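Enquirer: So the chains spell out like this:
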Amino acid sequence: MFGSVYSESPLLAQFRRLEQELDEVFGSATPWTGGIRSLPPGTFPAINVGGTEDQVTVYLFAPGIDAKKLDISIQQNVLTVSGEREVARDEQATYYRQERFDGEFRRVLSLPDDVDPEKVEASYRDGIVQITVRRRESAKPRQIAIR
Amino acid sequence: MTDTKNIATQATGDGRNALANATPTPAIRPLVDIFETGDGITLRADMPGVSKESLNLRVEGPNLLVEGTIGIVPEQQMSALYADVRSTMYRRSFVLGNELEASNIAADLRDGVLTIRIPKRAELRPRKIEVRT
Chain A
0 MFGSVYSESP LLAQFRRLEQ ELDEVFGSAT PWTGGIRSLP PGTFPAINVG GTEDQVTVYL
60 FAPGIDAKKL DISIQQNVLT VSGEREVARD EQATYYRQER FDGEFRRVLS LPDDVDPEKV
120 EASYRDGIVQ ITVRRRESAK PRQIAIR
Chain B
0 MTDTKNIATQ ATGDGRNALA NATPTPAIRP LVDIFETGDG ITLRADMPGV SKESLNLRVE
60 GPNLLVEGTI GIVPEQQMSA LYADVRSTMY RRSFVLGNEL EASNIAADLR DGVLTIRIPK
120 RAELRPRKIE VRT
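Protein sequence lines correspond, in order, to chains A and B. Residues 0 to 146 (numbering that gives the first Met the number 0) make up the first sequence, in order. Residues 0 to 132 (numbering that gives the first Met the number 0) make up the second sequence, in order.
Hints are computed from structural coordinates only; laboratory data are not their basis. Mixed in with the good hints, there may be bad ones.
Claimed, not checked - Every beta carbon over 12 angstroms from chain B, so not counted as near; a handful from chain A, in silico: (1) P9; (2) A12; (3) R15; (4) R16; (5) E18; (6) Q19; (7) E20; (8) Q74; (9) V77; (10) S81; (11) R105; (12) E117; (13) R135; (14) E136; (15) S137; (16) I145.
What the hints assert, rightly or not - Taking lysine to any residue pairs in the SDA-like style, the calculated list, with each CA pair at most 20 angstroms apart, reads: (17) B:K51 to A:R124; (18) B:K119 to B:S102; (19) A:K67 to B:D110; (20) B:K127 to A:Q91; (21) B:K127 to B:D38; (22) B:K119 to A:Y94; (23) B:K51 to A:Y123; (24) B:K127 to A:A92; (25) A:K118 to B:P73; (26) B:K119 to A:D89; (27) B:K51 to A:G63; (28) A:K68 to A:V107; (29) B:K119 to A:R96; (30) A:K67 to B:R109; (31) A:K68 to B:R109; (32) A:K118 to B:E74; (33) B:K119 to A:A92; (34) B:K119 to B:G37; (35) A:K67 to A:F104; (36) B:K119 to A:T93.
All values derive from a computational prediction rather than experimental measurement. Glycine included, each C-beta is placed from N, C-alpha and C at the ideal position.
Start from the sequences and build out the full structure, keeping to the hints where you can.
Expert: Next up, the structure:
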């Protein structure tokens, strides 16, 4: 009797299965999406992380925050960013959509092991927080000369 | 295929633009707050990474089109370790009502938050109707 309520349309079920398989191939294998501290997609702020030989850069897509109130800390290779976004609401107005995040947020990321917690820089521009952590000298690839 | 291309080229005089319009690049749908007050509608959109120069606001007929490009470009040799955001473009459109004054839209972009104010036509603003006794 409840079968029709719980079972999805066959097409949707197939999409979901495809999504799961893609997650298994590309997603859960990485420490980012499958990590113990990872958060569900859509969590504010969105994060991108990029790396070069010299540094790791974290981009937080956090529009409309007060960068001065942002709390960024790093311990070994674990980076924690917390803050708050206050969205002013007009009590008199009629709201049709309220999709934007309002409130406190906190994200914790495990960066690669070779980052140097002493060498961190952060900036805020156009709603993106950019945090750059240098990699340790010893971890950089070195050219070895043959005598 | 070639025929379609030629038609597009003739229609606009610029084939490249026509093709770009025909197949829009995958874009992020920015999250919005929309609210109405007595004199108009306010729309706020989260578009982190977009500067005034890379913002594109257009009114096309009844549609308000909001577009923007993320201007913060990572170094060339940087490889992505993780990405929530997988496009460099935002796009979303809204249908405006007739009672709104599309020619009088004001926009402001600050720290990646776009605020758009669309006033209502003066003659259509709500009026208090007095009851005569």
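Enquirer: For each hint, tell me whether it holds in the structure or not.
Expert: Status of the hints after comparison with the structure:
no., hint, verdict
1, P9, "holds, 27 angstroms"
2, A12, "holds, 25 angstroms"
3, R15, "holds, 20 angstroms"
4, R16, "holds, 22 angstroms"
5, E18, "holds, 15 angstroms"
6, Q19, "holds, 19 angstroms"
7, E20, "holds, 19 angstroms"
8, Q74, "holds, 19 angstroms"
9, V77, "holds, 15 angstroms"
10, S81, "holds, 17 angstroms"
11, R105, "holds, 16 angstroms"
12, E117, "holds, 21 angstroms"
13, R135, "holds, 17 angstroms"
14, E136, "holds, 18 angstroms"
15, S137, "holds, 20 angstroms"
16, I145, "holds, 26 angstroms"
17, B:K51 to A:R124, "holds, 12 angstroms"
18, B:K119 to B:S102, "holds, 11 angstroms"
19, A:K67 to B:D110, "holds, 13 angstroms"
20, B:K127 to A:Q91, "holds, 16 angstroms"
21, B:K127 to B:D38, "holds, 13 angstroms"
22, B:K119 to A:Y94, "holds, 16 angstroms"
23, B:K51 to A:Y123, "holds, 16 angstroms"
24, B:K127 to A:A92, "holds, 17 angstroms"
25, A:K118 to B:P73, "holds, 19 angstroms"
26, B:K119 to A:D89, "holds, 18 angstroms"
27, B:K51 to A:G63, "holds, 15 angstroms"
28, A:K68 to A:V107, "holds, 17 angstroms"
29, B:K119 to A:R96, "holds, 19 angstroms"
30, A:K67 to B:R109, "holds, 16 angstroms"
31, A:K68 to B:R109, "holds, 17 angstroms"
32, A:K118 to B:E74, "holds, 19 angstroms"
33, B:K119 to A:A92, "holds, 14 angstroms"
34, B:K119 to B:G37, "holds, 8 angstroms"
35, A:K67 to A:F104, "holds, 15 angstroms"
36, B:K119 to A:T93, "holds, 15 angstroms"
Hint compliance for this structure: every hint is met.
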